[in-house]
Each structure stands twice: as structure tokens, then as C-alpha cells.
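Residue numbering for the sequence shown follows the UniProt record's numbering, starting at 1 and increasing by one per position.
Bear in mind the hints are in silico, worked out from the structure with no lab data behind them.
All C-beta atoms, glycine included, are put in the ideal place defined by N, C-alpha and C.
Mixed in with the good hints, there may be bad ones.
What the hints assert, rightly or not - Derived lysine to any residue pairs resembling SDA-like cross-links, with alpha carbons at most 25 angstroms apart:
| no. | residue 1 | residue 2 |
| --- | --- | --- |
| 1 | Lys-39 | His-81 |
| 2 | Lys-101 | Pro-113 |
| 3 | Lys-126 | Glu-156 |
| 4 | Lys-131 | Lys-158 |
| 5 | Lys-38 | Asp-22 |
Said to hold, decoys possible - Simulated DEER-style distance windows between Cβ atoms:
| no. | residue 1 | residue 2 | range |
| --- | --- | --- | --- |
| 6 | Thr-106 | Ser-135 | 18 to 28 angstroms |
| 7 | Leu-92 | Ser-65 | 53 to 63 angstroms |
| 8 | Gln-162 | Gln-100 | 35 to 45 angstroms |
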Amino acid sequence: MTNTGNFAEQASKAQLDLTGDDKDAMKSGKNMLRWDAKKKKFVRGTGVGSDNKKMIRTESGALISASYKSGRFDDWAKKKHIAIPRAGERELENATKLSQKRFRHTRTEESKPLDPLSYDYDKKMKKRKLKEADSVTEGTSMGQKRVGQHGKAKSELKNAGQIRKDRIAYEKRREKSTRRPSRKGGKGRK
1 MTNTGNFAEQ ASKAQLDLTG DDKDAMKSGK NMLRWDAKKK KFVRGTGVGS DNKKMIRTES
61 GALISASYKS GRFDDWAKKK HIAIPRAGER ELENATKLSQ KRFRHTRTEE SKPLDPLSYD
121 YDKKMKKRKL KEADSVTEGT SMGQKRVGQH GKAKSELKNA GQIRKDRIAY EKRREKSTRR
181 PSRKGGKGRK
């Protein structure tokens with residue numbers, strides 16, 4: 001370096017470019033280890049994008065990791081034997097009829113056996129017996145069907161014990177709601 005010019009000019013001439021321009025320098029930069037703060041360890045790669053992961057382009061044009069590709073539609077089309085025409089291909093003649101046809105469930109499965117240990121086993125058994133009894137009585141009575149619950153109507157009148165219990169519960173609730181808040185902790189009054 002010569003002594004001509006000021007320090008800034010001399011420094012710019014002595015500058016060394018550390019970024020690699022050729023393929024070898026770029027490749028070595030990718031292979032270097034760097035600290036990944038999320039994983040809390042050293043990893044290979046530049047950290048830009050998803051390193052060592054296959055990327056696919058979505059319909060919108062965005063690049064995402066290939067692990068997000070589910071292929072559910074292709075599996076469904078294969079299972080239902082549906083061949084969707086590609087761009088430029090001719091559509092099937094019966095395609096409009098197929099889309100208008102409505103699917104109806106025709107399969108009926110027998111219900112599972114009841115579990116005697118379940119909490120509502122008795123209630124379900126009672127319902128089942130009532131249903132069986134209804135199916136027997138349906139044909140006998142001149143084409144009339146019984147609608148609704150056929151058990152005994154629940155009495156809505158309360159006896160003296162129930163009334164007493166309700167009054168005590170009501171009093172307890174009223175006392176709790178009218179009680180002054182405790183002065184423990186919090187800010188004092190001003």
C-alpha cells in the first residue's frame with residue numbers, strides 16, 4: 001500500500017470479499033455447521049427454507065415441505081373408481097347424471113350388545129323392552145300407533161321432605177349471595 005490518499009481509500013483497496021461466488025464456495029457454505037437456536041444444536045445447511053427436505057409447489061404456487069402432501073384426493077378417487085378428465089380431455093357423457101344422483105344409506109347394522117357395567121345399562125334395557133313391547137302391540141290395535149313415552153307419568157307434586165330440602169337449599173344460596181366479601185388480601189377501602 002502506498003501512502004497516497006486518506007485512510008478510507010486505502011481501506012477500500014485492501015478489502016477482502018469473503019462471500020463465495022463460485023459453486024464450490026457456495027457448496028462449502030451449505031455444508032458448514034451453524035447453530036440452530038430452535039433445536040439448540042449445530043445443524044448443517046444455510047437455515048434458509050427447509051434444509052434437507054423435499055419441497056413441493058401448491059396450487060397457489062407456494063413452496064411447502066413435501067410432508068404436508070397428503071394425497072387424500074387421489075386415494076379417494078382410486079377407491080371410488082373415479083377418473084377425472086385432465087385438461088383438454090372430453091368429459092364423460094353420464095357425468096352430469098352421476099353428480100345429480102343422491103346417495104342413500106341402505107346398509108343396516110345390528111346394534112352392539114349392551115355392556116352391563118355401563119352406568120345407564122338399566123335405562124337402555126328398559127327402553128329396549130318397551131320398544132319390543134310396542135312392536136308387538138302395533139299390529140294388534142286396529143292400525144293405531146302409540147306415540148311418545150308409554151311409562152308411568154312422573155308425579156310433579158312434591159312431598160313434605162322434598163319441599164323442606166328445597167327450602168334449605170334456597171336459604172343457603174341466598175345467604176351465600178348476600179354475604180359481604182371477606183377483607184383478606186386485596187386493596188383496602190379508600
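Here's how the hints hold up against the structure:
1. Lys-39 - His-81: violated, 44 angstroms
2. Lys-101 - Pro-113: Violated, at roughly 35 angstroms.
3. Lys-126 - Glu-156: Within the cut-off at roughly 22 angstroms; holds.
4. Lys-131 - Lys-158: violated, 30 angstroms
5. Lys-38 - Asp-22: Violated - the C-alpha atoms of Asp-22 and Lys-38 are around 30 angstroms apart, more than 25 angstroms.
6. Thr-106 - Ser-135: 18 to 28 angstroms: Hint holds: Cβ distance 22 angstroms, inside 18 to 28 angstroms.
7. Leu-92 - Ser-65: 53 to 63 angstroms: violated, 36 angstroms
8. Gln-162 - Gln-100: 35 to 45 angstroms: Since Gln-162 and Gln-100 have Cβ atoms about 60 angstroms apart, the given range 35 to 45 angstroms is violated.
In terms of the numbered hints stated before, the structure departs from hints 1, 2, 4, 5, 7 and 8, listed from lowest to highest.
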